[in-house]
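Asker: Order-wise, the sequence lines are chains A and B.
The first sequence runs contiguously to residue 244 in the numbering used here.
The second sequence runs contiguously to residue 422 in the numbering used here.
A portion of the hints provided could be inaccurate.
Claimed, not checked - For lysine to any residue, the following SDA-like pairs were computed, each having C-alpha atoms within a straight-line distance of at most 25 Å: (1) K204(B) x K412(B); (2) K412(B) x R146(A); (3) K79(A) x L413(B); (4) K204(B) x L413(B); (5) K412(B) x R13(A); (6) K412(B) x G199(A); (7) K104(B) x D215(B); (8) K104(B) x L38(B); (9) K412(B) x H207(A); (10) K79(A) x R341(B); (11) K412(B) x A82(A); (12) K412(B) x T324(B); (13) K204(B) x E257(B).
Treat the hints as calculated values from the structure; they're not laboratory data.
Below are the chains, spelled out letter by letter.
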Amino acid sequence: MALIETRGLRRVYDLDGGRVVALDHVDLDVAQGDFVAVMGPSGSGKSTFMNLIGCLDRPTEGHYRLADTAVEKLDADGLAALRNRQIGFVFQQFNLLPRVDAIGNVELPMVYAGVDRRARHERALSALERVGLAGRAHHRPMQLSGGQQQRVAIARALVNRPSLLLADEPTGALDSRTAEEILALFQELNREGVTIVLVTHDADVGRHARRLIRFRDGRVIEDIRQQPLEARREEALT
Amino acid sequence: MRLIEAIRSALSAIMANALRSLLTMLGIVIGVAAVIAMVAIGSGARNLVDRQIRSLGANLAIITPGNVTQGGARLGAGAASSLTDDDAQAIKNEIDGVIAAAPFVQGGTQVVAGGNNWATRIYGIDNDWFEAREWDVAVGRNFDPEEIRRGDIVVILGQTVARNLFGEDDPIDQTVRVRNVPFRVIGVMAPKGQSAFGQDQDDVIFVPLDAGRRRVIGRNYAKDGSVGSIFVKFAREEEIEPGIELITRLLQQRHRIVGDQEDDFSIRNLTEIANTASASANTLSMLLAAVAAVSLLVGGIGIMNIMLVSVTERTREIGLRLAVGARPRDILSQFLIEATTLSTIGGILGIALGATVAYFVAQLAGWPSLISSEAIAVAVGFSALVGIFFGFYPAQRAAKLDPIEALRRE
Ligand SMILES: Nc1ncnc2c1ncn2[C@@H]1O[C@H](COP(=O)(O)OP(=O)(O)OP(=O)(O)O)[C@@H](O)[C@H]1O
Ligand SMILES: [Mg+2]
Numbered sequence: 007m008a009l010i011e012t013r014g015l016r017r018v019y020d021l022d023g024g025r026v027v028a029l030d031h032v033d034l035d036v037a038q039g040d041f042v043a044v045m046g047p048s049g050s051g052k053s054t055f056m057n058l059i060g061c062l063d064r065p066t067e068g069h070y071r072l073a074d075t076a077v078e079k080l081d082a083d084g085l086a087a088l089r090n091r092q093i094g095f096v097f098q099q100f101n102l103l104p105r106v107d108a109i110g111n112v113e114l115p116m117v118y119a120g121v122d123r124r125a126r127h128e129r130a131l132s133a134l135e136r137v138g139l140a141g142r143a144h145h146r147p148m149q150l151s152g153g154q155q156q157r158v159a160i161a162r163a164l165v166n167r168p169s170l171l172l173a174d175e176p177t178g179a180l181d182s183r184t185a186e187e188i189l190a191l192f193q194e195l196n197r198e199g200v201t202i203v204l205v206t207h208d209a210d211v212g213r214h215a216r217r218l219i220r221f222r223d224g225r226v227i228e229d230i231r232q233q234p235l236e237a238r239r240e241e242a243l244t
Numbered sequence: 013m014r015l016i017e018a019i020r021s022a023l024s025a026i027m028a029n030a031l032r033s034l035l036t037m038l039g040i041v042i043g044v045a046a047v048i049a050m051v052a053i054g055s056g057a058r059n060l061v062d063r064q065i066r067s068l069g070a071n072l073a074i075i076t077p078g079n080v081t082q083g084g085a086r087l088g089a090g091a092a093s094s095l096t097d098d099d100a101q102a103i104k105n106e107i108d109g110v111i112a113a114a115p116f117v118q119g120g121t122q123v124v125a126g127g128n129n130w131a132t133r134i135y136g137i138d139n140d141w142f143e144a145r146e147w148d149v150a151v152g153r154n155f156d157p158e159e160i161r162r163g164d165i166v167v168i169l170g171q172t173v174a175r176n177l178f179g180e181d182d183p184i185d186q187t188v189r190v191r192n193v194p195f196r197v198i199g200v201m202a203p204k205g206q207s208a209f210g211q212d213q214d215d216v217i218f219v220p221l222d223a224g225r226r227r228v229i230g231r232n233y234a235k236d237g238s239v240g241s242i243f244v245k246f247a248r249e250e251e252i253e254p255g256i257e258l259i260t261r262l263l264q265q266r267h268r269i270v271g272d273q274e275d276d277f278s279i280r281n282l283t284e285i286a287n288t289a290s291a292s293a294n295t296l297s298m299l300l301a302a303v304a305a306v307s308l309l310v311g312g313i314g315i316m317n318i319m320l321v322s323v324t325e326r327t328r329e330i331g332l333r334l335a336v337g338a339r340p341r342d343i344l345s346q347f348l349i350e351a352t353t354l355s356t357i358g359g360i361l362g363i364a365l366g367a368t369v370a371y372f373v374a375q376l377a378g379w380p381s382l383i384s385s386e387a388i389a390v391a392v393g394f395s396a397l398v399g400i401f402f403g404f405y406p407a408q409r410a411a412k413l414d415p416i417e418a419l420r421r422e
C-alpha cells in the first residue's frame, strides 16, 4: 500500500488577473520507504504539490490519502495532527525561530505533540546528534552556518519520527559542498526507512533519488524509476 | 506545566521588544495605579473617619458658646459663657434620643507630683463625659455622683500624665498639685492614643466640673454655673440632625432669644465633620476611578494594537508553528497568554506605582495608607482580564492564518 496516493489533484489560484492552474490532475502514488526527486522548471507546480502532500494547503479538487487517511475530510486540528506526527517539512529558507536556540527549535514539534519537557529535551538532543550538531545545541540560528541551520531544520523535521520527509529545495540556499552533505544525510535517513520527497533544480541531486518525477505546467510529464547513484557506483565497482 | 512554559516563552517574546512592551504597558500601569491609589485613599479616608469617631465617640454633637457664623467672632477663653449646667440638664431631660449631655470646662495647667512637673490639659467634667466620649478608667475608679455634686478635689489622670508624673509607680491615692490645690488621684484613664489630628489624647487630666470651675479654670465660670462646652451624645445617627434642631429651639427658649436675634451658641455635628473628610476622599476616589477606567481602556487598546503588530511581524513564525503541528487553538492561546502576560506585568508595575502614590497622598492627608491584598488581587485580576479581552482579537487573527500563506509572507 502506498504512503501517498493522489487522484486528480488540482490546485487553482483565483487572482484578480484570472485563474492560475498551478497543479492539474496529478495522480501519483509514493511507496513507503521511497526516495523521490521532484524536478521541473520554475513555476511548474512543484512547491504547490509539496504543500498539498504536506497538508499545508488544500487542493481545489481531487483526493489525497496519506498513510490511508483521507486528508480532504480532515478539519484544521486533524491536519495539524497529521503535520505533527506523519510529516516532517524542510524548507529552503530553514524557517528556524530566531530567538530560540537549536535544541529549542528541534523541540518545537514535540511541544505540540504534548511530549513532556524531559523527554523532549532528550529526544531533541539525540536528533541533533543524528545530524551531527550535538555540540551546537545551545546556539541560536544566527550563530550557525547555513548548512548547520538546515541540519537543525532536518533534526526538527525528524524528531517526531514522521513517516514522510518533505523537502522543498533544501539545498537551494547552500553552497555545493554543504549541499552534498545535506543530501548525504537525506540518503542515510532514507536507508533507515524514512520516505523522502525532495524538490530540486539540480540534476546531480536528482540522480541521487530512486525515482524522479518531472513537472511542467502543473502536470507530471515524466516519472522515472531509476537506480540511485550509489547503487550504480557500487555496481560499477563489482 | 504547559502554562508555565507558555508564560516563559511569552516573557521571552516580551523581552525581545522590551522598550516597546514597556510603552505598551503604560496605560495598564497607570490604570492599575489609579485603582490601587483609589482603593487605598478610599479606605484610608474611611479609616480616618472611623478613627475620628472612635476617638471622639460616635453620634456626637458639640455645643459651644457664641456663634461661629458671626464673622468668626467667637468668645475668648475665660469670658463668661452663655452655656450652663442647667442647659445640659435640660437637653438631657427634654430631647428625645439624647443619651448623654456632658458639660465641661477646659484649660491648660501645670501638674506637680513630688519633684515632677508636667504641663497638660485639664477638663472639668461630670459623669456624662465618659459616656459621651466612650472612654473609661483603666485603673482605679470613676468619679462617684457625690464627688461630682460636691466638686471634690479628686483627679483622674490620662495615661501620658500618669506615666510622666509617676513612672512605674501606682498613682492611685497619690496627690498631685494643680495651682497649689492638692488633688487625690482616684483613677487612670484607658489609653486612647492619638486623635485623628495627631494630638496625644492621653495627655490630659480630669476633675469634677465644679472643682475645675472653682479652683483651676476661670473662676468666673462658677458663679452662674456656666460651662465651656457641652458634648451631646445621641443614641442613633439619624437622631442627630433632628435632635440638633430641637436643642437649638430649646436653647433659644432658655436663653430668651427671640425674633431675628443671633443665637448665643452654636451646635456642630461631629459625625458630619468626619463625613466631610470622607466625602472629599470620595470625590478623589471618583476622579481616580475615571482615570483608571480611561487608562485601562487606552491600555487595553494599546495592547490590542501591539499584539496586532506582533502577529503581523511574526506571521512566518506562526506559519512555521502551524507547519510543525500547532493547532489553531495553540496559536490562539500563545498570543492570548502573551497579551495577558504583558497586561499582568503592567498590572504589577501599576500596583507598585499606585502604592507609592497612595503612600504620598496618605502622608499629605495624614491618614494611614491602606493597601489591601484584596485590592492587589482585584488589580492583577483586572489587568489580566484586560489582556485577555483586548488580546483576543489579535490572537484570533493569528490562529486563523493559513499556514502556507503565513510561511510565504515576508
Ligand atoms: N499563492 C499563490 N497565488 C497565486 N498563484 C500562485 C501562488 N503560489 C503559486 N502560484 C502560481 O502557481 C504556479 C506554480 O507555482 P509553484 O510555486 O508551485 O512553482 P514551483 O514549481 O515551485 O516553482 P519554483 O521552482 O520557482 O519554486 C506558478 O505559476 C505560480 O505563479
Ligand atoms: Mg517552489
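Asker: Run every hint past the structure and note whether it holds.
Answerer: Each hint, compared with the structure:
Only pairs whose Cα atoms come within 25 Å are accepted, and K204(B) paired with K412(B) is rejected, the gap being roughly 67 Å. Restraint check for K412(B) and R146(A): the C-alpha separation of about 29 Å exceeds 25 Å, so the hint is violated. Taking the CA atoms of K79(A) and L413(B), the gap is about 20 Å. The hint holds against a cut of 25 Å. Taking the CA atoms of K204(B) and L413(B), the gap is near 69 Å; set against the 25 Å cutoff, the hint is violated.
A C-alpha spacing of about 28 Å is found between K412(B) and R13(A), which places the hinted pair above 25 Å, so the restraint is violated. A C-alpha spacing of about 35 Å is found between K412(B) and G199(A), which places the hinted pair above 25 Å, so the restraint is violated. The suggested pairing of K104(B) with D215(B) is violated, with an alpha-carbon distance near 29 Å, which exceeds 25 Å. With a C-alpha separation of about 60 Å, the suggested pairing of K104(B) with L38(B) is violated against the 25 Å cut-off.
With a C-alpha separation of about 33 Å, the suggested pair K412(B) and H207(A) falls outside the 25 Å cut-off, and the hint is violated. Proposed proximity of K79(A) and R341(B) is supported: the alpha carbons are some 19 Å apart, at most 25 Å. Among the hinted pairs, K412(B) with A82(A) is consistent with the structure: their alpha-carbon atoms are about 10 Å apart, no more than 25 Å. Simply put, K412(B) and T324(B) have alpha-carbon atoms about 12 Å apart, close enough for the 25 Å limit, and the pair holds.
Taken as a hint, the K204(B) and E257(B) pair is broken in the structure, with Cα atoms around 31 Å apart against an allowance of 25 Å.
Consistency with the previously given hints fails for numbers 1, 2, 4, 5, 6, 7, 8, 9, 13, ordered from lowest to highest.
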